[in-house]
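Chain B: place on chain A using the hints.
Residue-level listing of the chains:
There are 2 protein chains.
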Amino acid sequence: MSELIKIAVDAMGGDNSPQKIIDGIIHNHKSNKGNFFKIFGNEIEIEKHIKGKLPTNYYEIFHTDEKVQSTDSPLEAAKKGKNTSMWLAIKSVKKKESDIIISAGNTGALLVISKLNLKMIENIDKPALSALWPNKKGMSVVLDLGANIECSSKNLLDFSIMGAALYKSLYPEKNTNVALLNIGSEELKGNETIKETYQLLNNKELNDFNFAGYIEGNELMDGKVNVIVSDGFTGNVALKTAEGTANFITSELKNAMTKNFIGKISSLLNIQNLNRFKKRLDPRLYNGAIFIGLASPVVKSHGGTDYIGFSNSLDVCHRIVKGNLIDKIKQNI
Amino acid sequence: MSELIKIAVDAMGGDNSPQKIIDGIIHNHKSNKGNFFKIFGNEIEIEKHIKGKLPTNYYEIFHTDEKVQSTDSPLEAAKKGKNTSMWLAIKSVKKKESDIIISAGNTGALLVISKLNLKMIENIDKPALSALWPNKKGMSVVLDLGANIECSSKNLLDFSIMGAALYKSLYPEKNTNVALLNIGSEELKGNETIKETYQLLNNKELNDFNFAGYIEGNELMDGKVNVIVSDGFTGNVALKTAEGTANFITSELKNAMTKNFIGKISSLLNIQNLNRFKKRLDPRLYNGAIFIGLASPVVKSHGGTDYIGFSNSLDVCHRIVKGNLIDKIKQNI
Numbered sequence: 001m002s003e004l005i006k007i008a009v010d011a012m013g014g015d016n017s018p019q020k021i022i023d024g025i026i027h028n029h030k031s032n033k034g035n036f037f038k039i040f041g042n043e044i045e046i047e048k049h050i051k052g053k054l055p056t057n058y059y060e061i062f063h064t065d066e067k068v069q070s071t072d073s074p075l076e077a078a079k080k081g082k083n084t085s086m087w088l089a090i091k092s093v094k095k096k097e098s099d100i101i102i103s104a105g106n107t108g109a110l111l112v113i114s115k116l117n118l119k120m121i122e123n124i125d126k127p128a129l130s131a132l133w134p135n136k137k138g139m140s141v142v143l144d145l146g147a148n149i150e151c152s153s154k155n156l157l158d159f160s161i162m163g164a165a166l167y168k169s170l171y172p173e174k175n176t177n178v179a180l181l182n183i184g185s186e187e188l189k190g191n192e193t194i195k196e197t198y199q200l201l202n203n204k205e206l207n208d209f210n211f212a213g214y215i216e217g218n219e220l221m222d223g224k225v226n227v228i229v230s231d232g233f234t235g236n237v238a239l240k241t242a243e244g245t246a247n248f249i250t251s252e253l254k255n256a257m258t259k260n261f262i263g264k265i266s267s268l269l270n271i272q273n274l275n276r277f278k279k280r281l282d283p284r285l286y287n288g289a290i291f292i293g294l295a296s297p298v299v300k301s302h303g304g305t306d307y308i309g310f311s312n313s314l315d316v317c318h319r320i321v322k323g324n325l326i327d328k329i330k331q332n333i
Numbered sequence: 001m002s003e004l005i006k007i008a009v010d011a012m013g014g015d016n017s018p019q020k021i022i023d024g025i026i027h028n029h030k031s032n033k034g035n036f037f038k039i040f041g042n043e044i045e046i047e048k049h050i051k052g053k054l055p056t057n058y059y060e061i062f063h064t065d066e067k068v069q070s071t072d073s074p075l076e077a078a079k080k081g082k083n084t085s086m087w088l089a090i091k092s093v094k095k096k097e098s099d100i101i102i103s104a105g106n107t108g109a110l111l112v113i114s115k116l117n118l119k120m121i122e123n124i125d126k127p128a129l130s131a132l133w134p135n136k137k138g139m140s141v142v143l144d145l146g147a148n149i150e151c152s153s154k155n156l157l158d159f160s161i162m163g164a165a166l167y168k169s170l171y172p173e174k175n176t177n178v179a180l181l182n183i184g185s186e187e188l189k190g191n192e193t194i195k196e197t198y199q200l201l202n203n204k205e206l207n208d209f210n211f212a213g214y215i216e217g218n219e220l221m222d223g224k225v226n227v228i229v230s231d232g233f234t235g236n237v238a239l240k241t242a243e244g245t246a247n248f249i250t251s252e253l254k255n256a257m258t259k260n261f262i263g264k265i266s267s268l269l270n271i272q273n274l275n276r277f278k279k280r281l282d283p284r285l286y287n288g289a290i291f292i293g294l295a296s297p298v299v300k301s302h303g304g305t306d307y308i309g310f311s312n313s314l315d316v317c318h319r320i321v322k323g324n325l326i327d328k329i330k331q332n333i
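From first to last, the protein sequence lines stand for chains A and B. Just so you know, our numbering puts 92 at position 92 of the first sequence, and the rest follows in order with no gaps. Just so you know, our numbering puts 267 at position 267 of the second sequence, and the rest follows in order with no gaps.
Careful, some of the hints might be misleading.
The list makes no distinction among identical chains, and a pair is therefore deemed to hold if it is satisfied within one copy or across any two copies.
Stated by the list, open to error - When the alpha-carbon atoms are kept at most 25 Å apart in a straight line, the in silico SDA-like pairs for lysine to any residue are as follows:
#1 Lys328 <-> Ser153
#2 Lys195 <-> Glu150
#3 Lys115 <-> Ser185
#4 Lys33 <-> Asn135
#5 Lys279 <-> Asn218
#6 Lys53 <-> His29
#7 Lys136 <-> Ala246
#8 Lys136 <-> Ser185
#9 Lys189 <-> Leu116
#10 Lys95 <-> Asp65
#11 Lys254 <-> Asn218
Everything labelled a hint here was simulated from the structure, so no lab data went into it.
Chain A on its own, in the form it takes in the complex (with noise of 0.2 Å):
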């Protein structure tokens, strides 16, 4: 038991919430025994939902009464102050008493809560929002996707080696190829800070990743490089155009392939490979972001995904923890 990852979970975050929460808990156990889960949130809400449904040696309830809302402002959230069970969830990791503290709640609160509780990582100057990318062979980390604005060439930097890091703990068996979001591929192209950048990672003595120089927004998901590092403005329009884009190609495709009865009865027939299709679209799979450069790493679920996706994001909480994820980021800052 004592191998078992400890993960602290702010169970009142998200829709549906605490029961997609424990549900999600629930069915994460069911394929993989290796996570003790400390449950931050109401008492009897969470007893209705786990009592008999997962052995009482892999969880333990903290109650508490107060939560933050979705729609608190991260100001508001910080002042609700320390009762809440994000910010006890968060104090867990301070502790130690726990690896690695996940929410589905408000990701402006979650952000500063655990930037108001946690250390950065020595050498690191700013925390960064990144989360996972389908490509054309399998998955890529993208950072930052919004936490910091306006970013210098060292911060970019330091999104380089902690994306690196992030991707060789979730994907340990696989090459790390970084790259810089640009707008070409010539290294004369883009503003200032990117060209700095470029020389910055260029002129460092890479041990764990190589850097493959610039990408366009249009190779993001041609799998040729799986480390994407960008400012938080640039990197948050890119992922919402995606998830926009694709939202749109998919509406149509349905708008076109139900417009008449052949296609009705075509689709029907096709439905194995079209529920393929969808389950390799499927946001559950990505969902979730991790915040990385302070002291412990903190994910946020998406608020409406459903308790596959929660499920999902928990595993990349034991991924990240069993592939020593700061210790990977610590040794090549």
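Positioned in the frame of chain A, the structure of chain B alone reads:
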């Protein structure tokens, strides 16, 4: 005949030129008798493709042996001087002998040679590169797509006015709704430049368009707004990310649909619907970018498009001139 719109065509740019260019002109003429083509390039080659296929009172050839190569840097292209087909075509609008200029050649060279030859519209500080983009309800205009990496709030205000005028020229029957591309919809989000632009647009008396505030990347294609304004770095990343996502999804779909015999048969049954889907997303429909802010609009066709794509760009040229784009910009600036 005096009513014909005069289009200066650089016949030597892009893949498979001048054949593709001339075939595009001939194709365009079939559905629209309102254009007169001033064609710049190698007369013998052009004659070979055009003779007997387009009535001689609809075109005139201006011979030159020289052309800009796709591999030329903008500086090299400019140094080649005044006898390239690209330069001469631009010169033709400068001398007011043509209403608009189109090229499928080297983008950087086209922008630089246009700026060298054509004056700015009064009170516009920088020209911008714009493009058409599909959305759930029709089309949007998006700018800037990479001509200006760093932008001030005055630049973004100019882009808003120019983009609105472009949309109104192309779609005179529609309402024009302008939004700024940002990383959140609240007034406080984004960098200083975007927040300043928001205030400028909010306080300005607008006649020809509505200001709809901020939109995020995932709303780019939902059709609530139809003019989307951004600095050139962010806009370029967004456009290319959308392209890359569309390619990724359609290739995943193709893989899934043809994985087995049933899939192939049912896709065959559904070929009409699949073709409708492909047609809706056909990049030839959105071919080309429009460089606006100079005394004449400059249209850049994609170098890799075919004659149908080029013909669609000629249609855009026609509608821009007929819609009095330049006057519309001057009235609003």
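Do the hints match the structure? See the list:
Taking identical chains as interchangeable, the C-alpha atoms of Lys328 and Ser153 lie at most 25 Å apart only when both belong to the same chain, with a minimum of 21 Å there against 42 Å between chains. For the identical chains of this complex, Lys195 and Glu150 are neighbours both inside a copy (15 Å) and across copies (14 Å), given an alpha-carbon limit of 25 Å. With identical chains, the CA atoms of Lys115 and Ser185 are at most 25 Å apart between copies only, with a shortest distance of 24 Å across copies and 35 Å within one. Taking the shortest Cα distances, Lys33 and Asn135 never come within 25 Å of each other, neither inside one copy (29 Å) nor across copies (46 Å).
Taking the shortest alpha-carbon separations for Lys279 and Asn218, both the intra-copy value of 23 Å and the inter-copy value of 21 Å come in at or below 25 Å. Taking the closest pair of Cα atoms, Lys53 and His29 come within 25 Å of each other only inside a single copy of the chain (10 Å); across copies the shortest separation is 72 Å, beyond that limit. Proximity of Lys136 to Ala246 under the C-alpha cut-off of 25 Å is found in both arrangements, the shortest distances being 14 Å within a copy and 12 Å between copies. In this homomeric assembly, Lys136 and Ser185 come within 25 Å of each other (Cα to Cα) only inside a single copy, at 20 Å, whereas the closest approach across copies is 32 Å.
Only between protomers do Lys189 and Leu116 lie at most 25 Å apart by alpha-carbon distance; the minimum there is 21 Å, versus 38 Å within a single protomer. In this assembly of identical chains, the alpha carbons of Lys95 and Asp65 lie at most 25 Å apart only when taken from the same copy (21 Å versus 76 Å across copies). For a Cα distance limit of 25 Å, the shortest separation of Lys254 from Asn218 qualifies both inside one copy, at 24 Å, and across copies, at 19 Å.
Hint violations for this structure: number 4 only, all remaining hints satisfied.
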